[in-house]
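One letter stands for each residue in the lines below.
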Amino acid sequence: MSTTTTRDVARPAPAKASKAGPRRGLRGTTLNFWLFTGPFLLGLVIFVYVPIGWSVWLSFFEARYTVTPSKFIGLDNYRQMLTNGAFVDALVTFTVFAAIIVPVTWALSLGLALMVHRLRFMKAFFRSVFFLPTACSFVAASLIWKMSIFSGVRFGLANTVLGWFGVENIAWLADPDPPWYWLVIVTVRLWLQAGFYMILFLAALQNIPPELYEAAAIDGAEPGWQTFRHITLPQLRATSTAVILLLLVAAYQAFDEFFNLLSKTTWGRPPLVELYYTALGENQDYGAGSAGAVVLTLLICVVTLLQGRLMGFGRGDESK
Amino acid sequence: MTTVIESDKAGAVPPKKRGREGRGVLGSTGLYLATGLCALLFLVPFYLIIRNALSTDAEITGEEWQFFPTHIRWGNITELFDDPTVPFARSLWNSAVVGVLHTAGTLLVCSLAGYGLARIPYKHADKIFYAVLVTLMVPAAVTFVPSFVLVSSLGWVDSYRGLIIPGLFSGFTCFLFRQYFLGFPKELEEAARMDGLGYWGAYWRIVVPNSLNFFAAMATITFISGWNAFLWPLVIGQGEDSWTVQVALSSYMTNQTVNFHLIFMATAISILPLVLVFLFLQRWLVQGVAQTGIKG
Chain A
1 MSTTTTRDVA RPAPAKASKA GPRRGLRGTT LNFWLFTGPF LLGLVIFVYV
51 PIGWSVWLSF FEARYTVTPS KFIGLDNYRQ MLTNGAFVDA LVTFTVFAAI
101 IVPVTWALSL GLALMVHRLR FMKAFFRSVF FLPTACSFVA ASLIWKMSIF
151 SGVRFGLANT VLGWFGVENI AWLADPDPPW YWLVIVTVRL WLQAGFYMIL
201 FLAALQNIPP ELYEAAAIDG AEPGWQTFRH ITLPQLRATS TAVILLLLVA
251 AYQAFDEFFN LLSKTTWGRP PLVELYYTAL GENQDYGAGS AGAVVLTLLI
301 CVVTLLQGRL MGFGRGDESK
Chain B
1 MTTVIESDKA GAVPPKKRGR EGRGVLGSTG LYLATGLCAL LFLVPFYLII
51 RNALSTDAEI TGEEWQFFPT HIRWGNITEL FDDPTVPFAR SLWNSAVVGV
101 LHTAGTLLVC SLAGYGLARI PYKHADKIFY AVLVTLMVPA AVTFVPSFVL
151 VSSLGWVDSY RGLIIPGLFS GFTCFLFRQY FLGFPKELEE AARMDGLGYW
201 GAYWRIVVPN SLNFFAAMAT ITFISGWNAF LWPLVIGQGE DSWTVQVALS
251 SYMTNQTVNF HLIFMATAIS ILPLVLVFLF LQRWLVQGVA QTGIKG
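Chains A and B supply the protein sequences, listed in that same order. Quick note: the first sequence, position 283, residue 283 per the UniProt record's numbering, numbers continuous. Quick note: the second sequence, position 8, residue 8 per the UniProt record's numbering, numbers continuous.
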């Protein structure tokens with residue numbers, strides 16, 4: 001829908017401007033354009049483009065405890081980050097995290113949307129309940145998860161419930177082996193973000209024309225799995241693609257819950273936590289931190305583009 | 001949707017009607033049971049916050065699990081604000097100031113830019129729009145190292161400026177406004193232009209007053225993300241006086257001396273404003289999220 005509007009708007013506008021012709025009007029239009037977009041673009045350059053450029057520049061220098069580097073060291077920062085086990089481990093941690101959280105959130109939010117969509121009464125109530133955790137911050141949720149639900153001692157909810165079945169206390173976060181911490185980290189994020197993606201799916205479900213289901217019913221398709229597989233799922237394709245993309249980007253930015261749940265441990269660090277300790281920890285190594293940020297940014301761009309290619313991002317839009 | 005299918009089914013295949021309806025009742029009971037169970041699970045953490053916030057430490061950490069506190073301790077609220085180890089009141093104030101200014105600033109700057117990109121013809125507008133789009137590829141969280149380097153060289157560490165200004169220029173918010181304005185009925189503005197208003201006048205007198213729903217939705221979303229932000233305030237707020245509420249909360253994770261009931265009271269207070277915003281603005285919020293241009 002958005003693509004068509006872009007065209008509708010973009011085409012007539014220049015034609016009209018050139019037809020009107022007078023130079024003064026055009027210049028006034030240009031001036032207006034900059035009046036509207038100027039402040040934003042200036043800020044974008046200063047606070048987005050300059051930091052990125054500075055980061056790339058800084059990554060080739062030795063810059064410890066200082067942001068004005070003196071010594072050019074070429075690719076040494078990159079070599080250090082990519083051979084230093086911690087940063088590579090962080091990338092592995094992210095990959096594991098994304099491999100779990102993306103499909104699980106996708107399935108849960110779609111499942112919730114399908115349930116809420118089919119409700120006849122109290123639809124708004126249940127929608128609000130599932131959406132409500134979005135109001136919670138990762139920090140607040142981490143506190144509840146760490147100190148009340150997955151506390152390592154008996155007074156935590158999880159261990160209390162397990163205790164009823166005679167299971168010994170589990171040290172959820174204090175021990176990487178077995179890696180129970182993944183359960184804690186995945187559930188906290190699931191609780192916080194599933195409702196948001198559920199709303200996106202709900203919006204998409206409402207946009208599926210009912211005639212499709214009617215046609216399927218006439219063709220003898222059983223309501224349930226068959227219509228879900230052959231109608232609902234394909235119709236949700238564009239939304240699914242967008243949701244997966246958003247989930248991936250959000251997973252890449254994982255920081256809050258890892259930092260708060262596992263701050264003192266050396267395991268289970270995603271890239272941003274590792275970068276935080278590299279650049280702002282004891283070493284204050286801005287050069288290496290910048291190199292890591294550059295690597296991470298490139299990685300995100302590659303993954304995003306690749307995912308877009310694979311899943312045909314935007315293709316759903318054009319077909320409409 | 002279900003109603004459509006069922007009625008159609010009933011009409012198309014009359015003999016099976018009764019069986020289908022029977023399954024429908026059973027199915028809808030099952031549906032409500034499943035949805036209710038999920039809803040209960042989603043509400044448990046909220047219940048735990050409230051329960052713990054109004055209990056004593058002994059009740060929270062007791063050997064035997066207690067589902068309800070034996071008596072409700074409202075005194076925990078005053079105890080929290082009197083607690084000297086974490087400047088909680090100050091952090092709430094900081095979050096409120098930062099949240100409001102961040103929201104107002106982002107809306108102003110990004111809506112203007114979105115309007116300019118959507119409506120004002122300029123030959124390089126496409127290129128500029130791509131330059132904005134590119135920044136979406138680089139999530140703000142990844143650039144926290146270079147941004148910190150920049151902000152600290154400006155001398156903005158530990159200040160409201162450092163907390164607010166770098167976050168105002170959100171490529172994503174600008175993008176959403178542009179998409180919204182593209183769909184805004186053009187006729188309204190054209191009438192205004194006929195009456196002699198320039199772009200600026202048309203924007204403030206016609207476009208903004210007719211877009212308050214969208215502005216409200218974006219304001220809500222922006223405020224929530226600002227209030228819940230953690231990484232940037234953690235990086236910038238190095239002294240306790242510039243902590244936001246999230247940074248203050250996080251300090252409880254490492255601070256061993258703070259009591260459980262205070263931690264949970266702080267958590268409850270930190271999410272209360274947003275829960276209220278949610279309950280009152282729920283409809284707008286849902287619309288806003290659903291409208292963000294990623295619907296199928």
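To be clear, the hints were calculated from the coordinates, so they are not data collected in a lab. Idealized CB from N, CA, C, for every residue including glycine. Take these hints with a grain of salt, some might be off.
Stated by the list, open to error - These stretches of chain B come out as covered by chain A in the derived footprint (C-beta under 8 Å, 3 or more residues):
| # | segment |
| --- | --- |
| 1 | 43 to 57 |
| 2 | 78 to 85 |
| 3 | 162 to 175 |
To see whether the hints hold, each was checked on the structure:
Interface restraint, the segment 43 to 57 of chain B with chain A: holds (7 residues with C-beta to C-beta distance below 8 Å; minimum three). Under a criterion of three residues with beta carbons nearer than 8 Å to beta carbons of chain A, the stated coverage of the segment 78 to 85 of chain B fails, only 0 such residues being counted. Look at the segment 162 to 175 of chain B against chain A: 6 of its residues bring a Cβ nearer than 8 Å to a Cβ of that chain, three or more, so the hint holds.
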